[in-house]
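J.: The lines below spell out each chain.
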Amino acid sequence: MTTIISDTEVAARAPYSTVLRKGETLAIIDLGGNQAVDFLCYDAADTAKRYSAAATISAQRNIFLTTGSVLRTGEGAPLLTVVEDTCGRHDTIGGACSKESNSLRYGQHTRYQHACVENFLTEGAKWGLGKRDLVSNVNWYMNVPVEQAGTLGIVDGISAPGLEVKLRAETDVLVLVSNCPQINNPCNGFDPTPVRMIVTGGGA
Amino acid sequence: MSTTSTTYGARDHARAQAGTVAEAMPSIPASTWPDPPPGIDPAKLVWAETVAGGGYTHKVLARGTELRLTDVEGDACAHVLLFNADQPWERLNVADTVKVQWNAYLGEAIALLSDQARVLATVVTDESGKHDALCGTSTVDGMTLFTLAAAKHGLTPRDLPPSLSFFQGVHVETDGGLTFTGSAGPGKSVVLRTELPVIVLIANVAHPLDPRPDYTVTPLRVLAQRSTASTPDSPEWTASPEAQRAFENTADYLTARGLA
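Quick mapping for you: the protein sequence lines, in order, are chains A and B. Going by the numbering used here, the first residue of the first sequence is number 1, and it counts up by one from there. Going by the numbering used here, the first residue of the second sequence is number 1, and it counts up by one from there.
Source of the hints: derived by calculation from the structure; they are not laboratory data. A virtual CB, placed ideally from N, CA and C, is assigned to each residue, including glycine. Treat the hints loosely; a few may be bogus.
[Said to hold, decoys possible] Think about it this way: if two alpha-carbon atoms lie no more than 20 angstroms apart in a straight line, the pair counts; the simulated EDC-like pairs of lysine to aspartate or glutamate are: (1) Lys166(A) to Glu75(A); (2) Lys131(A) to Glu242(B); (3) Lys22(A) to Glu118(A); (4) Lys99(A) to Glu242(B); (5) Lys49(A) to Asp35(B); (6) Lys188(B) to Glu127(B); (7) Lys99(A) to Asp126(B); (8) Lys99(A) to Asp141(B).
[Stated by the list, open to error] Computed footprint of chain A on chain B, listed as stretches where at least three residues anywhere in the stretch have a Cβ under 8 angstroms from a Cβ of chain A: (9) 34-40; (10) 48-60; (11) 98-106; (12) 109-119; (13) 151-162; (14) 174-188.
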């Protein structure tokens, strides 16, 4: 029997965090479709050991995440395994939007728009994490192809309402999420929507 | 009795080692570098060093420094991290660097962006074309060397973001798969120009996707000379509208800070 430990609807544009115990799973459900979910994770026992996009990409020799992908620390240790993915692929290279980078991508007029780094900083502070603890993150449901000549970009998503990703904790893991508030590119279909987070106990 | 059994003997023994020349070492002062290549004025050198394969180095460089990295024998891999020397919490952001400039690959006129949307340095010359901004450094030796280099600037492992690597290339296939493309051969150089005062950390270790079973990494040459930072008429400023705004943000910071 699996036990539901928590079931949370994360509002559009809002942050979320939780600690998963080893063996627990986190389902991230894209309620409205094409909603980027910016995601960082840390070894709960020592947050200096944290998700490394580089180590994760190098180990699986692919920039996209899907079923079977293992999110690793900079030292190569597994934090989370993708055990189910009804979307198909997710981004590891685009990072989080910030007020600062928005000024480069769209112009200085975006400075007062909300951004993922603001969510990460606010939510991370609850766990004693600060700016230096933020690194390149996962973007669940975000579609970032790389052309053969190297051009990359955030394009229209391939997700849809109700699709989900399920992650199994390989150790005790602190999860830090920004339900992306970006409105200047297609990562949220230009309309940020809520997502649902369900934590389930082991024994599945 | 050995020559080092007394303090006097040990002192003489230590002092007799002065002047030894090793393959991997810095020239101090840098202006004494023995064989400056064309384009390098020895009088302007501020850093001249050969980094052993498997070694690391680090330096604080002024804004407007040209940092030339050379793959001497063809199998160096320069893993590089940059921090704003005035406020090291501002550091290289690889994701912003590739995303903001719509380009997964490093090359001429690419700005190396900080998380504060400013330009830490630009790639002004690239003879190699074989680089990587996605795979970071290796989980054991690269991370260990960066940890050591960072410590010498008061920085801890938490301060280490994903790094860039020069001289060993990776190509992204349509399905997202990564293909290691190796080096462009011996003697190739990359020149970075610093746009802010920066802490540079370099680890010269094999690329994480290097498939060779024997650990292969050869010496890296580092020559940095005083130069001038970019100006609005430099090609880097107008390489893209995004880069231009990054240079404008950088100038805004420097002006308010009293640095330019």
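J.: Output the indices of the hints that this structure fails to meet, ascending.
T.: 1, 2, 3, 5, 7, 8, 9, 10
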